[in-house]
Amino acid sequence: MEAYTISRDNLRTWLDTLARDYTLIAPVREEETVSLFKPVRGFAEINLGYTNSTVSPKGWLFPQTEEMFFFSTSDGQITLADAQTPGPAVLFGLRPCDIKGILALDPVFNGAYQDCYYQKRRQDTILVGLSCTRVERHCFCTSMGGGPTDGEGADLLLTEMDDGYGIEVLTPRGEELVNRYQQYFDADRENRVIPAREELGKKLARQFTRNVDTTGVKEFLDQHFELPYWGELARRCLGCGICTYICPTCHCFDIFDQSPDGESGVRSRCWDSCMFSHFTRMAGGHNPRPTQKERVRNRFLHKLKYHRDRYNLDGCVGCGRCVTRCPVNIDIRQIIADLQEVARHD
Amino acid sequence: MTKCHCRNPLKPYPATIVKIIDETPDVKTFQMVFDDPEVMENFRQKPGQVAQLSVFGVGEATISITSSPTRKGILEFSVKKVGMLTSALHRLEPGNKVGIRGPYGNHFPYEVMKGKDLLFIGGGIGLAPLRALIDFVLAEENRRDYGKVDIIYGARSMDDLCFKYDILDRWPQMPGTTVYTTIDRTEPGWEGHVGFVPAYLEEINPSPENKYAITCGPPIMIKFVLQALEKMGFSDDQVITTLELKMKCGIGKCGRCNIGSKYVCLDGPVFYLSQLKQLPPEF
Chain V
0 MEAYTISRDN
10 LRTWLDTLAR
20 DYTLIAPVRE
30 EETVSLFKPV
40 RGFAEINLGY
50 TNSTVSPKGW
60 LFPQTEEMFF
70 FSTSDGQITL
80 ADAQTPGPAV
90 LFGLRPCDIK
100 GILALDPVFN
110 GAYQDCYYQK
120 RRQDTILVGL
130 SCTRVERHCF
140 CTSMGGGPTD
150 GEGADLLLTE
160 MDDGYGIEVL
170 TPRGEELVNR
180 YQQYFDADRE
190 NRVIPAREEL
200 GKKLARQFTR
210 NVDTTGVKEF
220 LDQHFELPYW
230 GELARRCLGC
240 GICTYICPTC
250 HCFDIFDQSP
260 DGESGVRSRC
270 WDSCMFSHFT
280 RMAGGHNPRP
290 TQKERVRNRF
300 LHKLKYHRDR
310 YNLDGCVGCG
320 RCVTRCPVNI
330 DIRQIIADLQ
340 EVARHD
Chain X
0 MTKCHCRNPL
10 KPYPATIVKI
20 IDETPDVKTF
30 QMVFDDPEVM
40 ENFRQKPGQV
50 AQLSVFGVGE
60 ATISITSSPT
70 RKGILEFSVK
80 KVGMLTSALH
90 RLEPGNKVGI
100 RGPYGNHFPY
110 EVMKGKDLLF
120 IGGGIGLAPL
130 RALIDFVLAE
140 ENRRDYGKVD
150 IIYGARSMDD
160 LCFKYDILDR
170 WPQMPGTTVY
180 TTIDRTEPGW
190 EGHVGFVPAY
200 LEEINPSPEN
210 KYAITCGPPI
220 MIKFVLQALE
230 KMGFSDDQVI
240 TTLELKMKCG
250 IGKCGRCNIG
260 SKYVCLDGPV
270 FYLSQLKQLP
280 PEF
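Residue numbers (numbering that gives the first Met the number 0), protein chains in the order written: chain V, 0 to 345; chain X, 0 to 282.
Same shape as in the complex, but just chain V (with noise of 0.2 Å):
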């Protein structure tokens, strides 16, 4: 595919000129540590040098709440009406982990049930992706099979240079959207970008503190459900759910309706946790996952196992948001490296 460059003014132009034509989903800092993806409207409040955001990007294709449909039950007849979808959108500086979430989200959206809601979001969204410029100490993507400048699942990959940003093609979707603003961009005539995405990649690998082998954990775990270390880990676990909702693979969710007048109202989703109490638990009071011990092991069986059972993907992308923001340091990456020294010892 081919590859262009743009100087760091044709890049405002230009992402000032799709958030006209365009939803335009990008990162944005919130305050001193907090950043996000939310829809912005020119290239002013985009902070393109943030490392990963606080929240992953997922939430744009599958919002943290949702309202599915609106339903009127007046004069003993139900009608219900379909909530509005956003349309065509781009979510623009995806970092190369959170690709790989939303790659790691499409399977469960689709199959034999097509989820509407996450399909048509998709299908309206242009992904961008945005190359590493850093290795922060918990990012450990290149152990999930990923790295800082992969681009899989973008349909343009941008990567930082020192007189501007390259710019790769890698679908036609993408090819269509450099096409409709080509007046920005300029052919990668001398062949800089792809070797110097390349470069990039090799010194950020080196940057890494932290690497871990998920070599035959799955295994392991496909042979060990109940181990004692499920348990050890529980008693540190607050519950606190913070690990799902940061997470950009995480995609269980509640459904739920309001009702102000008894008659009509709207029927929403929103993203819940496998870490919850009430999670499982069933109307007549039986809880399949009583405690957090169950709970806990749901999770990481989910990241490492299951997530792979089901889709052939790993359920983890190596971001680390969940290292850096659990409240008492459980580490999906000291876990990998304690099932193989269990599994040493098996």
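Note that these hints are calculated values from the structure, not bench results.
Note that the Cβ used here is the ideal one computed from N, Cα and C, for glycine as well.
Covered stretches of chain V, going by a simulated chain X footprint (3 or more residues, C-beta under 8 Å):
| id | segment |
| --- | --- |
| 1 | 62-72 |
| 2 | 75-82 |
| 3 | 96-110 |
| 4 | 270-281 |
| 5 | 287-294 |
| 6 | 304-315 |
Fit chain X to the given chain V structure using the hints.
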């Protein structure tokens, strides 16, 4: 990206409650009909499948479909009042509107069961999913495909027996069908068997030869029924049960009903005992 051409699977179809049967003090059977006749015609459930019932403004719950697909033009759901949604359902009256989506999940292996004798073992509201298969098998068009049908059913008291019209009147009169009914403790007016279901099963002591056992009931009953069946020589591939787990979406997205890598809403609710033994004990 695959383009989504389907009808939104999370959006229910409007339906009307046409009749409510009081089964026990806390169980009602709701007969429902879709408002759109075309939807009614195209709703092709198989015995053992479940549906999501909506009471708009309250929410949804997964309920097993208790009527056999051989019974056209109507759906039956037998619902025990245990939580918010089921309590809201119990407050409704004939003519009230609800929503239905589905059918979801796998079904009883009625094709594989052909030519076999069938032993049904139910407890309390656990007879509801079994009833879809019993009526399917006993339907005139299917009856010759199956051998002898034995039904063992128990509840805490006479009052707690569901489907009395079936277990006491209709089913015992069907050809090749025997119904064994029991209640936990003796009470005035009851002339039948007294005792727990697993003990009654051991008393009846059915032969496992050429037979499938299909069971559903409270977890404690199922536990002892499975032990009794094993003692009688039933293999794990001859024993079938259905699981109940909290579900929200019913279509394998919301991540709530997983047991290990399986989702009860997609891979269940019907499992062979041999499959159950492969799953982590989280149900």
